[in-house]
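Student: Residue-level listing of the chains:
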Amino acid sequence: MSDMQTWLEMGGYARFIWPAYLAAALVLGVLAIASVCRLRRLHRALARLESETERAR
Amino acid sequence: MHRFANPARFQRIADPLLPWLAVATVAAFAIGLVWGLRVSPLDYKQSETVRIMYVHVPAAWMALATYTVIALASAASLVWRHPLADIAARAASPLGAGFTLIALITGSLWGKPMWGTWWVWDARLTSVLILFFLYLGHIALAHAFDDPQRGARAAALLALVGAVNLPIIKFSVDWWNTLHQPASVFRMDGPTIDAAMLGPLFVMALAYLLFFVTMLLLRMKSELLGARLRALQINRAMR
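Sequence order for the protein chains is A and B. Going by the numbering used here, the letters in the first sequence line up with residues 16 to 72, in that order. Going by the numbering used here, the letters in the second sequence line up with residues 868 to 1106, in that order.
Any given hint might turn out to be false.
[Claimed, not checked] Quick look at which bits of chain B chain A covers, simulated, 3 or more residues with Cβ under 8 Å: (1) 921 to 933; (2) 940 to 951; (3) 967 to 981; (4) 1088 to 1096.
[Claimed, not checked] Here are some, though not all, of the chain A residues that point toward chain B, as calculated from beta-carbon distances under 7 Å: (5) Met25; (6) Gly26; (7) Tyr28; (8) Ala38; (9) Ala39; (10) Leu54; (11) Leu61; (12) Ala62; (13) Arg63.
To be clear, the hints were calculated from the coordinates, so they are not data collected in a lab. We put the CB at the ideal spot given by N, CA and C, even for glycine.
Build out the structure end to end from the sequences listed, making use of the hints.
Tutor: Put into structure tokens, the structure is as follows:
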């Protein structure tokens, strides 16, 4: 059995350890992506509104 | 602290910091993951499952720390009407909810092989579940009013009342008989866990902390942009 395989099996606890890391990564990932997307969306909306206001003058 | 109260000054300070914070967060997670998953030794009782500790314990610490930040910001908002305090509280609560969720899920994944059960209704687990619901309540309340100021006030009151839960969580393992083990890092007589495990634990804790600071600044920027957008829209509708 290769070294890599032994490591992935985590002494028989793979089915608890990997899901724990996966869950943490998912939660943090969703928070990060949602926060960045919201900032970008607001930037775009604000730029659009400001240029429209500029033209209306 | 009032030096940072000005939103324009906040932007000037936060903008150059954000890329560095983001890089530091990724680096800390990379080091922490390799150290915790590959290099660090096994525990003689828990064997490999000790590795769950490296994602679980820092998440639980941050769940408490984030709520403390929200409670302090709420107090600042109610007492001094600090303009950034409400924004900080609003920006922080989804992050706190995320940390608490991670602590609950990973704790349960550790509990099954080690305690023989996914969940018990003991003092520690129940008080952390209540913390999760407090976060959800805070998020809902902050967005429940058309007038953001009223929402912020209601949410700040909830955050302060809920702060009573913090010492209950921290000391639940000492006050009651629970399945959850007592503190082994932050104790009066020093840490009782081995240095080989303390290393990756602290790097992961640093990574979580950096993640929190980065996301908090970024989300506060969004809150400020959102407020400006609302003001412009109202201004335009009035004309």
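Student: Count residues of the region 967 to 981 of chain B with a Cβ under 8 Å from any Cβ of chain A, then say if the count reaches three.
Tutor: Holds: 8 residues of the region 967 to 981 of chain B have a Cβ under 8 Å from chain A.
Student: If you take the shortest Cβ to Cβ gap from Ala38(A) to chain B, is it below 7 Å?
Tutor: Where the cut-off is 7 Å and the nearest Cβ of chain B is about 4 Å from Ala38(A), the hint holds.
Student: Three or more residues of the region 940 to 951 of chain B near chain A by CB distance under 8 Å?
Tutor: violated (count 0)
Student: Return the status of the interface hint for Ala39(A): holds when the least beta-carbon distance to chain B is below 7 Å, violated otherwise.
Tutor: This hint holds: Ala39(A) lies near chain B, its Cβ roughly 4 Å from the closest one there, short of 7 Å.
Student: With a cut-off of 7 Å, does the beta carbon of Leu61(A) approach a beta carbon of chain B closely enough for the hint to hold?
Tutor: Leu61(A) check passes; min Cβ-Cβ to chain B is 5 Å, inside 7 Å.
Student: Quick one: see if chain A covers the region 921 to 933 of chain B, three-plus residues with Cβ-Cβ under 8 Å.
Tutor: Per the Cβ count (3), the hint holds.
Student: Take the shortest C-beta to C-beta distance between Tyr28(A) and chain B; is it under 7 Å?
Tutor: Where the cut-off is 7 Å and the nearest Cβ of chain B is about 5 Å from Tyr28(A), the hint holds.
Student: Just to make sure I understand the rule, a stretch counts as covered if three or more of its residues have a C-beta closer than 8 Å to a C-beta of the chain. Does the region 1088 to 1096 of chain B meet that for chain A?
Tutor: holds (count 6)
Student: Do the numbers back the hint for Leu54(A), that is, is its least Cβ distance to chain B under 7 Å?
Tutor: holds, 5 Å
Student: Does Arg63(A) meet its interface restraint, that is, does its C-beta lie within less than 7 Å of any C-beta in chain B?
Tutor: Constraint on Arg63(A) not satisfied, violated at 10 Å.
Student: Given Ala62(A) as an interface hint, is the shortest Cβ-Cβ distance to chain B below 7 Å?
Tutor: Since chain B brings no Cβ nearer than about 10 Å to Ala62(A), farther than 7 Å, the hint is violated.
Student: When the nearest CB of chain B is found for Gly26(A), is that gap smaller than 7 Å?
Tutor: It holds, given that the least Cβ distance between Gly26(A) and chain B is near 4 Å, below 7 Å.
Violation of the numbered hints given earlier is confined to hints 2, 12 and 13; the remaining hints are satisfied by the structure.
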